[in-house]
Amino acid sequence: MNTKRILLTCCLLGLGAAHSEAVPPAKVAFEGGRIIPVVGEEIAKGTLLIEHGKITAVGKKVEIPYDAMVIDVSGKVLFPGMISPHTWRGLDRPNENLPVAPYLDVYDAIDPSSLSFEDALRDGVLAVHVIQGNNCVIGGVSRVVRPIGRTPDEMTIKPSIALKLSTSPKTGSERMSQMAAMREAFLELAYYLENLAEARYEAELKKENKEVDVHPEEARTRGRELIRDEDLDDKHRNLVKLKDGRVDAWIYCGAATDVAPAIETAKRNGFLEHTVLVLGTEAYRAVKELRAVGRPVVLPEVLVHQERDPITGELNETFIPKVIHDAGLLYALQPNPSSSLAERFLTYQAARCVRHGIPRRAALKAITLNPAKILGIDDQLGSLEVGKTGNVVILSGDPLDFNTWVEKAYIDGILAYDRAKDERLKVLLGLKKRQREKEKQEKDKQEEEEKKETGEQEEKKEEEPSKKKSTQSPSGENR
Amino acid sequence: MIRVRTTMLILTVVVAAVTLPLVASASGSFAIRARRILPVSATLPWEITDGVIIVRDGRIAAIGADLQIPSDLPVIEFWDSTVTPGLVAAATDLGRDHRGDESVAAGYRAVDTFDRYQNYAKALASGVTTVHLSPGVHRLVTGQGAVVKLGGPSSSRVIRPQADLTINLGPDVMNPPPDVTFSFPASADVPIPLPRRQRPASRMGQLLALDEAIRNAMAGKDGEQFSIHTPALAQVWKEKLPLRIRADRAADVSGAIRFLREKDRGGYITGGAQAGRVADALRAANVPLVYQPRDSYLLPGADIGTDPSALGSPARDLQSLQGIKLALAPPAGQPVVGLRLAALRACGSGLDPRRTLEAITRIPAEILAVDSRVGSLGVGKDADMLVLTSDPLEVSCHVQRVYIAGRCVFTPPTDGALIIKAGTVWAGPGNEIHEGQILVEEGKIVSVGRSVPHPPFARVIDVRPDGFVTPGLIDAHSHLGLQGDRTAAGTKFRLSKLIGAADVTDRRVCSAGITTVLMAPYAVSAMGSPFAAVKTAGTQRPKRVIRDPAAVLLDVSNADPIAVQEILGKPLAAGKEYLDKWIKYEKDLKEFLEKKKKGEKIDVSEKSKEEEIKKPAELDPITGTWRVSITGGPLPEPMTMMIVVRLVGSAVEGRVTSSSMGFTGRLSGTFDGSHLSAEIEADIPGLDTPPKIEADLVEEDHLKGTVTVMDISLPLEAWRIDKKEVEFTVGRRRRLRTQSGRPLPPKVDQSLEPLKRLLEKKIPAVVKVSTPAQIREVLALLVDKHELHVVLLGAEGASVHVAQLAEKKVTVVVPPTVLRMRRWRDYHQADDLARRGISIAFQSNAEDGARDLPAVVLYAVERGLDAEEALTAMTTGAAKAFKIDDRVGSIGPGKDADLVIFNRHPFRDAGYVKRVVVSGKEVRL
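Chains as they are written, first to last, in my numbering: chain W, 1 to 479; chain U, 1001 to 1925.
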């Protein structure tokens, strides 16, 4: 059933063709396009060379190997594949209903046939950070995937990126319970580790047939060193990784007041250096605290915060990214897929930033290089630089122009999306319908003509006897 | 125009200077000067009058009455206000109940629920700056409370994150739901635990359950599941956090007292609806109480029939709570904005006012152990202050500013409402209101009386107990704004065009309490001059003008009594003609509309459609009487003669008379518009040829040329001393009706408009008169014949006609000189007329000299005039005389808010002007 769906999707996308080609070209050269590498200056008419999935040359004058497939992209724009920094889409639903569940992994729930991946491709998003939703206290582990592939393994770019935490109250809860549950989880971890350490120390001694000879406190201290990964149970493994810095923490702060508890939780448990703050619309007001810790942030999907004065009823609006940009923080923009119109495009979000006074370069980084840095994949993705993965989007115009289309997208130098073959887009835009109508019209016309022809023949057939009749009648009269 | 601009510039500078300190105060260092400071401190006096608070870096550096304000600090003045510490609410609904089901759950922290970024403007507007947050009231132990501030930088809002262990006693916490925390992941190894029943189930059990939980926590005993609440309770108990025990019923209160004593812990009781019954126990145990009266002020309480406390009376409870450390809090479940109302009710129920104020400031701060920072004003404490419009225990008091840590965190929105509270409000003659109040909205008086509505956030001017408020004083004849221009302005001119934004001169007059002047030109035109009623303060001309034209000024003071009627008759006749046109038009229009309504046919004959226009001709340049002077030549001295000429076409003819030479003759010649050439035919002995005059018109009414007598040319100069206006009909016709027969309105003639209004009796005629005979003539014409409203200006001879003046209700504007000599003795005209029942008004007859008018009137009072009459004459009397009493002259609903605040009666007690309000705005003097 599932394979059928995947096949179907691939067929619909016309991807089957791209990927089922026995050997994709090892070397691809894009020639004559305007290159926006995000890092460094724009190249008006340049060439980008991808060899074995990696970018090997970007520049005005690039020697193209004889065996490379040369694609003429003059008049088009080459842009790094964009990165969706924070989404639950691709999962069947955003959250488990358990408040504390660090043993979950999005790996188990990623659905390669999810339409959200197809949408990502269509919008030029070539890496997606799939992470549990915000409705939790401590959630599961996330990963970064390509929006294409048949299995989660095939899609994965980097596994085990981060655990999701939230200091904003989960549905049906309030802040006191939320924070009590958060504190309880880490306190329980400490108890668990102490007990485990003691048990490990005992076990080690048992191996040497010795009895425990020290005070339990001392045993716990000694045993701490002896804990191995395999000793940890599922429930605690990821939390230990979090404390060790092997997994990041992405903490959701829905409101400004949630920022300080998030920072405090991270500080107290020693993972502040591995913390990314996911902001809700109102959270930008804690900009002082955010600046003080200097941790990267993921901006809310809605970029404007509206607020009414409780006494005068006056409406005040704030453009959130500008506040964060001015604070000098590393930030990434999110698309807003729940908005059926503009905000679902990362380029539109970036264009609005430019409109509200953020430099163009910074706005472009916020949808490419910044999320790559935040996710720790900036050695591979986020810009068009030599050595990075060949994830390129070919745009019909400037990325911040709303008239621009994603023409083609290459992942690892392999064609992953082609607008000309995007059947669903055609349906969406009514092109399909129009084509069908056109075909139908032509068909009808043909049929009509055919009918006409046959009709004429029939008429002729009919006419003949009448002629006979007409010739007969006068003759009859004459008679 | 330039004048206006300069004034605006000065204004801008003034405004900038005023607003600057407010801006600078954002840094947290400033000084506040206030009418009254209530520090509510145990060490400072209860009340500091005209005190100063010096704030440095958000803390109070000094407080007192006679403080030297360092020059580097901006000073914020609150002349009418009372400064108190920010209110402290020791029990609020701001922390909501958590949703945990555990009966004993010490791990919840109320501080987690506090939004440190929220704008608590409503709570701040009610004066509450510091509050206690409760983790909940629905379980036996709900967690740890917190103490926070409701404003200021978010990082410093929390004062005590873990302030207490919150314990609740009473029926609400009985029978909590069973604890059903599922283990996860559930498996064969990890079974699903059975629901655990929780206690308490009865009053007996509640303290027992508490005791057990504490013992278990201290022993480190835990349930099957790890829970944060056990270690949290152990920690709290070890740290000896105060116990905050909520108990309403008497039995629970005494249980709580016993528990505190047995466990030897510090703590306090909240709620305490029935605490009055166990007041002795509370007093003996020295346990503080946060009293939350049972009350509902948002909506009347529903059926509370089964609530035993409903039978009790808060008043009786409060009286029995004497001697207990008592803090007041809003009723349980009611928003924190009700704190002051709760205190007001407590005070009304008999709680001592000082104790009441302490019970919402210093005492709750002490109970919550934050008294070192908030709850009172003292050196070293946080600058958390309220600027209030009056005493906080006055119901109508409201908040003007809230400072937290030296930052202004609340400023009310300005809606322009103003309330004046004064010792006496003199609203009009015979209407003196003691302890009066005035409400002003949008520049108009809305309400006046012993008490007025108090819209929230209204500005308050508090000049109790001795302030004396009068309507703005009126100068009935002034030249303010003319700047020495002595032109006789005709009725066509509008004097209000001369004024713009009030300038320094205006302010000088305004500072004397004169808010309205009746502005008139120095010289009066023959056809009358206009008056304008304008205010002496305001930034825009339209807002300063009360009425323009306000009156028609006529002058017969130098005329022969016989000529008075003729002099006055001229403008009146012109006005009458003009008015008649309008009356006719209005009549025609009414007829037309009626006919149209009925559908009748309308007469549109040619005759009724047009009228001929008569227009005064332009004066021709030569016709009239000329005085000629011939000099030079053989003449020993200038020879003069008079020529009376008339221009007919281009021919000139006339008569020459020379008294010095004793001859008369005929003059004939031509005039081409500028050059005159004429011959004189006269019978002069020894003169063969007639003398010839050749002269040019060098300027209007001035000829220069030569006269040739027997070959001798002599220079000649002539001035026209009389000219005649010739009225003639021009051919132009004006349409009276439209094609459809609708009458067209007559042309508006600005020079006749004031006269029209005069004859319509909308504005008065102000007549400059002097002698009794002139007054007699004026009264005969204007009052008897035309039935006009008349004001006499000067009128030194008025005393002769007292009976007539009184009967005809004519106001006399007495001359600026109070005392004159008459029949070799002092005559006090104002006193004489007032005493004999004639309404009088005062005039300055000056520009900014008007500032001395109140002093002049005071002199008049000192010389015998009734003080009440003097004040009436300066306000209501003058306003009535000029028919502007619908806007100024008295204090009443709908009138302009032009008010003068004296320290006492200006004439009875020689009070001085403290403050002036014009159009609802206070004028900076």
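Among the hints, a few may not be true.
From the structure, some residues in chain W lie toward chain U, with a derived Cβ separation under 8 Å [as the list claims (entries may be wrong)]:
#	residue
1	Lys170
2	Ser173
3	Ala180
4	Ala190
5	Thr318
6	Phe319
Don't read these hints as lab results, they were simulated from the structure. Glycine included, each C-beta is placed from N, C-alpha and C at the ideal position.
**Prompt:** If you check each hint against the structure, which ones fail?
**Reply:** Of the numbered hints given earlier, those the structure breaks are 1, 4, 5 and 6, listed in rising order.
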